[in-house]
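**Student:** Listed below are the residues making up each chain.
2 protein chains.
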Amino acid sequence: MNEICVGLIGFGTVGSGVVKILQQNKEIIEARVGFPVKLKRIADLDVTTDRGVRVDPSVLTTDVRQVLEDPEISIVIELIGGIEPAKAFILDAFRSGKQVVTANKALLAEHGAEIFKAARQAGREIAFEAAVAGGIPILRALREGLVANRFGKVLAILNGTCNFILTAMDENPGIPFDDVLKQAQDRGYAEADPSLDIEGIDTAHKLVIILALTHGIRLPLARIYVEGINRMDPFDVEMAKEFSFKIKLLALIIQHGEQVEVRLHPTMIPRNHPLARVDGVFNGIYLRGDMVGDQLFYGRGAGKEPTASAVVGDVIELARNVIGGQVGRVPPLGYPQNRIDTGGVMDMQEVVTNYYLRVQALDRPGVLSRIAGIMADHSISIHSVIQKGRQQSGTVPVVFLTHNAREKDVQAAARKINDLDAVEGPPVIIRIEDESLD
Amino acid sequence: MNEICVGLIGFGTVGSGVVKILQQNKEIIEARVGFPVKLKRIADLDVTTDRGVRVDPSVLTTDVRQVLEDPEISIVIELIGGIEPAKAFILDAFRSGKQVVTANKALLAEHGAEIFKAARQAGREIAFEAAVAGGIPILRALREGLVANRFGKVLAILNGTCNFILTAMDENPGIPFDDVLKQAQDRGYAEADPSLDIEGIDTAHKLVIILALTHGIRLPLARIYVEGINRMDPFDVEMAKEFSFKIKLLALIIQHGEQVEVRLHPTMIPRNHPLARVDGVFNGIYLRGDMVGDQLFYGRGAGKEPTASAVVGDVIELARNVIGGQVGRVPPLGYPQNRIDTGGVMDMQEVVTNYYLRVQALDRPGVLSRIAGIMADHSISIHSVIQKGRQQSGTVPVVFLTHNAREKDVQAAARKINDLDAVEGPPVIIRIEDESLD
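As you go down the protein sequences, you meet chains A and B in turn. Take 176 as the starting number for the first sequence in the numbering used here and just add one per residue. Take 176 as the starting number for the second sequence in the numbering used here and just add one per residue.
Hints are not guaranteed to be accurate.
Remember, identical chains collapse to one label, so a pair may be satisfied in a single copy or spanning two.
Straight line, CA to CA, 30 Å or less: simulated DSSO-like cross-link-like pairs of lysine-lysine [stated by the list, open to error]:
id : residue 1 : residue 2
1  : K213      : K328
2  : K262      : K479
3  : K292      : K201
4  : K328      : K195
These are computed hints drawn from the structure, not numbers from a lab.
Work the whole structure out from these sequences, hints included.
**Tutor:** Here you go:
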């Protein structure tokens, strides 16, 4: 019976999860796969800290060459994250004839072209299910099970930290963003420096990868409209509830004829939308295929074991290909390389959707009329408006929901509204995803 | 560039969906897969009826040999359903060196062993994603993405007809089962003879297939406890609501140490359970992996295009293997053949779960005490009880929810309760899946 030898670079949280799975589920994996998967070597700068798993000391090394240059190792797992030296290690692994598994979404989103090209030239594969939505096998679903579909819509909650924070704000009226962020940090759901998560960058990396699979488009991060949740005001969370919405940080891919919208921002969705039930640290991917209709994939998008589950699933996929002598069975981006382009993405300014606008206005006669007039001048049709009661002093919130409106019109109207003397600060704009408002 | 030729046997609803997808999404499939998939021949007894898709007449034939014996055809799609002649055609296809795609759950559940053996002996593959949950790529997820997990729990809604009926009963208080069934028939969601669906047989076929993938157990249908929805009383649907439950026809696989529960019956689940939101004709598979945690897969489990989407996904999977010269990359049942057994399945009588019991009793002093006494005698601990108001004459319903109780004790108690003079008819028993009651 063949045996597949694996080398691991990076013995952190997910790395120790991989070790745990390969030990704890060794027998069932061998039963299902038909051959054993042996973790031959683990490279990390720190080989002394206890990771809660027992490893034969001879398996550990501080010298990454012992993974990259071991001829018995056919699959290398890269779990150190970041751009360098992860990228150099992966390219070296290809050069040494190894297959690669990674969970490194930033590296793939930013240097995917180079890495996939290197894999192809070396006749090797790279698998990266763990890079998106942790344990949810969504990339496989897009590349294989749903491969016969055109994807008209993908709406995805891809960051557990943001979803934990937004869920907590929804469940605890009035609680400030910073307090919830602190809770998330205390519970280990947010990093000490949470900016990658709350500013939407982590989600954007995943969006880049999903878009490559659904549309064969490789879009630079800089061309994506990205808005995080770091300015979320509890008042807008409460207003969302009044309109039966919930706010989620969504990655959106929406096909319009020949063009596709790609954007990422806090989004109001109806409370009865399947994604509205994806709460806490869970992830969810809602998609619409032209043949398959609506689907939802729900599960844990991060964490030691869920992410490691996806890594080991990829190891087994590549192992099956190695055993069968087949490489590149499924193109890494779901499209053969030469089909990838960057065309057809709609300019954010041209996007048409529904909007929530909150204006802080002085409670004076004529103010509402002037705001509404500006909106009319910009071809923005108002679906509903709520003005919240008179205050002793200062401003009152006036909230508008719009019918379909164009982003550039809404932004222009917001600037005009902000110029009014009776208005304090720029309007809060939150996009709405609700087909019933169209 | 290679071209893969496909032959289709069975030009019915799903068959015409396959033709539609291969025509309508020809370009995107070719872009993603890297080679064209050509439907060379369609065999059906009826080659004249208009199926709403345009097909070159030379492609159509009434002679199945023209599919099975064409050396250019490498993949045969079997969509005629039923046991024979589907089985003979599939075995013939293997003998002629062809790969096979099927959606035939009954055939796989009842004759899977013979078919998989024939495939192995011929060095060919059979793919069957469309046999379970239509367009939801759940089998692939179990065999590949989640392959590193032990599955502690699988709860699945796998029959759209039953789910449509149960959803309508939940939404329309008091509406009788037969009326909703008629609605489902009028809307094309139920067959003229609905027994395969409403008696649970269709779901059982799918359960057999899922169990083989999750546990490597091939269980004969006769060894599974199967209870359909055909005796569902609107009163119990309403009572379920009072307890914040929803009734779903669930296929259940639950691991207990070395043993596994396999059963299929109407089940009360909490209304905030992810599966409680799977309504109408949709399917949902909720599972718990030891590493990946809880996941939900949601989508259309039947219908022309969703099922055809899964069929074409399978065609592409096999085409990729054919192009790469690799066969049997993933064992058809997720386990190499020799690991399949029928052991470790818990006897239904030994199952321990929570129960809803409704007893129709004369409203007389001492009756409740005697019923409760019988339950105590059988070690059944009562969680809550509701006795619905006094009636003018006849019986009143007395409803019990139990803590964990053993099936054989509940059945024995039900027989004793039925023997009471003050009780009319056998108690209605509906099992509950609610971890908070354990």
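**Student:** Could you work out which of the previously given hints the structure breaks and list their numbers from low to high?
**Tutor:** Of the numbered hints given earlier, the structure breaks none, since each of them holds.
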